[in-house]
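Undergrad: If you read the sequences in order, they're chains A and B.
First residue of the first sequence? That's 0 in numbering that gives the first Met the number 0, and the numbers climb one at a time after it.
First residue of the second sequence? That's 0 in numbering that gives the first Met the number 0, and the numbers climb one at a time after it.
Since the hints were derived computationally from the structure, they do not count as laboratory data.
Yeah, the Cβ is synthetic: ideal placement off N, Cα and C, and Gly gets one too.
Keep in mind that the hints are not guaranteed to be accurate.
[Claimed, not checked] In silico BS3-like links for lysine-lysine, alpha-carbon gap of 27 angstroms or less:
#  : chain 1 : residue 1 : chain 2 : residue 2
1  : A       : Lys118    : B       : Lys188
2  : B       : Lys188    : A       : Lys112
3  : A       : Lys138    : A       : Lys118
4  : B       : Lys188    : A       : Lys138
5  : A       : Lys298    : A       : Lys315
6  : A       : Lys130    : A       : Lys118
7  : A       : Lys301    : A       : Lys264
8  : A       : Lys301    : A       : Lys315
9  : A       : Lys81     : B       : Lys188
10 : A       : Lys373    : A       : Lys266
11 : A       : Lys278    : A       : Lys298
12 : A       : Lys138    : A       : Lys124
13 : A       : Lys373    : A       : Lys258
14 : A       : Lys124    : B       : Lys188
15 : A       : Lys278    : A       : Lys301
[To be verified] Covered stretches of chain B, as calculated for chain A (at least 3 residues, CB under 8 angstroms):
#  : segment
16 : 30-40
17 : 169-179
Each chain is listed here by its residues.
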Amino acid sequence: MTTATTSSSAPASGDIRLVNLTKTFGGSNAVENINLTIPHGSYCCLLGPSGCGKTTILRMIAGHETPTSGEIYIGNDMVVGKPPVERGTAMMFQSYALFPHLTILDNVAFYLKMRNVGKEERRAKAEDMLKRVQLHALKDRMPAQLSGGQQQRVALARSLITNPKVLLLDEPLSALDEFLRLRMRGELKSLQNELGITFVHVTHTQPEAIALANMVVVMDTGRIDQADTANVIFNRPTTPYVARFMGGQNVLTGSVEAKADGRIKLKGTGGAVFEAALKEPSPAVGATMSIAVRRDRIKLRKNREAKVATGANEIKGVVDSTEYQGSYVKVTVEMGGGVFVANLPDGDYFADPVDKGDAVIASWNTADVNILSKVDSGAAGDPYLNANH
Amino acid sequence: MAASQSYGPRPWTFYVLATLFTLFVIFLYGPMIAILVLSFQGPSASLVFPLREPSLMWFDELFSPRRTGDVVGAFNRSMPLAIMVMVLTVLISVAAGFAFRRRFLGSSVIFYTAIASLIVPGLVLSIGILVTFRFFGLPASWYGSALGAHLSWTLPFGLLIMFAVLGRLNPSYEEAARDLGASRWQSVKSVVIPIVFPGMIAVALFGFTLSYDEFPRSWLSVGSKNTLPLEIWTMTTNVTSPALYALGTVTTVVSFAVIALALGSIILIQRRRAGRK
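Using the sequences and the hints, build the whole thing.
TA: Now the structure itself:
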């Protein structure tokens, strides 16, 4: 991670720094030695499958979970051991946790009531906040009378009235239906723009992270695999895990045959040859390495002869399935022991359609090949190897 | 009926179960209704049907005891006892319910020890309490030994209800309260207690009614002065007038009033939360 920490000059900064953060539950590490800096004012998504430790990190930042070891800084303050309210954080819970016995107005005014703000003043402030989320008309309703989207906006208003430096959101969109999810996603993004405070958003949905975040942290079983901008995470994943989890990538593995002319040459299973731009440090000749190619950079052509020699960056296979997606067609190709996916523009596909059982050759350009820092460990223990997303 | 049209003719099991339920209702409410009716018996003082010359004389007899026992005195002991048991049951069950939300060393041993008192026969417990009090030279009384005996009966019920109530309480509510600056005590007072309040009413209802009509545990532990169930039992052996029925009617009315009050307030709270006022 490379981020400038300018918190020394800005006391109200919502920089978050996690230093060697570890959390152990009953002998196993839920979060393992995490180091991460989330710059002030960023929209950060912690992304990973359930059980990867992302919610535990969020809850430790919020102060609802105590780290086993390590430090958490918000701005300049070491906050471990401090109650939530002294951290400048506010958390929005997955279930929203609106108090069922209080009206919407009293829910939003709860923070002010705890600080002994007078009744008139706290009601006025809570009404202002409800106006901001366009729920002023419903202020006397009970939470049970509101729709999911309305409840979420109340939860937002209740969090924001604390004037936080950091807003922590635990799977905020998971309880909403598809239509509302997209709408609230847009509202969260514009709210973050408007407030300029740090948002940390936990999700297991890749499109959500890509659409919202200017910093995506991809997690795998208690560790951070990659933390970068959404664009880099999607286009240049560094590990096979990130490539598969983000989707849209084909991961290929081969042994290094030669390094020459700024290119590195790999030999994959079944004799296919792959090429990638040579970047130092590079693996030695004979070593194994993995590469990734985006699905939408793949071209397919029918293989009309039984014995055709494939060139570099070409692979032979048989079409396993096709799936129409509107603007593109997803073609899954079965090739010696693995699955390869090409997302073809619908125009190209319908000009010369392929069908299940057709022999095809997939090809791509060397420039589209992305070298992964880790060797693909294969299917064992990786649920995303053949994931259809 | 729409149901029978869409599901075809009713199976024979329906008639078996309907008969069973009818018998259950007759056994439960039949005697209660019979006593209610006979408590209005006239001066013939007959203890059986038919009802002749209906009057309120036996209620009058009840409150101006000449031949009956000390009904008013017994009621004046049973009522405060039931209220004390109710308050203590709520306080202890709620506190224990909170304690049991976290697993602590020996929690299951304590839990099963408390639940075991549901299995111990009440009469045996009553004798045991009397013997123990005698051994320590303490006098048995309705506000001392009997209070303890009743709590041994109501607390396991209260604890089980609080387990169910607190088990359903989403911990996010407390975390949200803490997140919004509430102290631990404020989060209990302003969030947890109001949310679990209907459950607490249920515990109070159990505490009150179980104590108010408790016989076996009171039997030897009340000392020289009787509670109401003991007084009624005494009367069945030496009072041979419909005053007995009048007493039955009055105590049943008190029980029903308490239940109606409790259920009414639970329904009111739930209505308000659902937004219907």
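Undergrad: The structure should be examined with respect to each hint, and the outcome stated for every one.
TA: Each hint tested on the structure:
| no. | hint | result |
| --- | --- | --- |
| 1 | A:Lys118 x B:Lys188 | 18 angstroms, holds |
| 2 | B:Lys188 x A:Lys112 | 13 angstroms, holds |
| 3 | A:Lys138 x A:Lys118 | 15 angstroms, holds |
| 4 | B:Lys188 x A:Lys138 | 23 angstroms, holds |
| 5 | A:Lys298 x A:Lys315 | 12 angstroms, holds |
| 6 | A:Lys130 x A:Lys118 | 18 angstroms, holds |
| 7 | A:Lys301 x A:Lys264 | 25 angstroms, holds |
| 8 | A:Lys301 x A:Lys315 | 10 angstroms, holds |
| 9 | A:Lys81 x B:Lys188 | 22 angstroms, holds |
| 10 | A:Lys373 x A:Lys266 | 17 angstroms, holds |
| 11 | A:Lys278 x A:Lys298 | 25 angstroms, holds |
| 12 | A:Lys138 x A:Lys124 | 12 angstroms, holds |
| 13 | A:Lys373 x A:Lys258 | 19 angstroms, holds |
| 14 | A:Lys124 x B:Lys188 | 23 angstroms, holds |
| 15 | A:Lys278 x A:Lys301 | 33 angstroms, violated |
| 16 | 30-40 | violated (count 0) |
| 17 | 169-179 | holds (count 9) |
When the structure is compared with the earlier hints, violations turn up for hints 15 and 16 and for no others.
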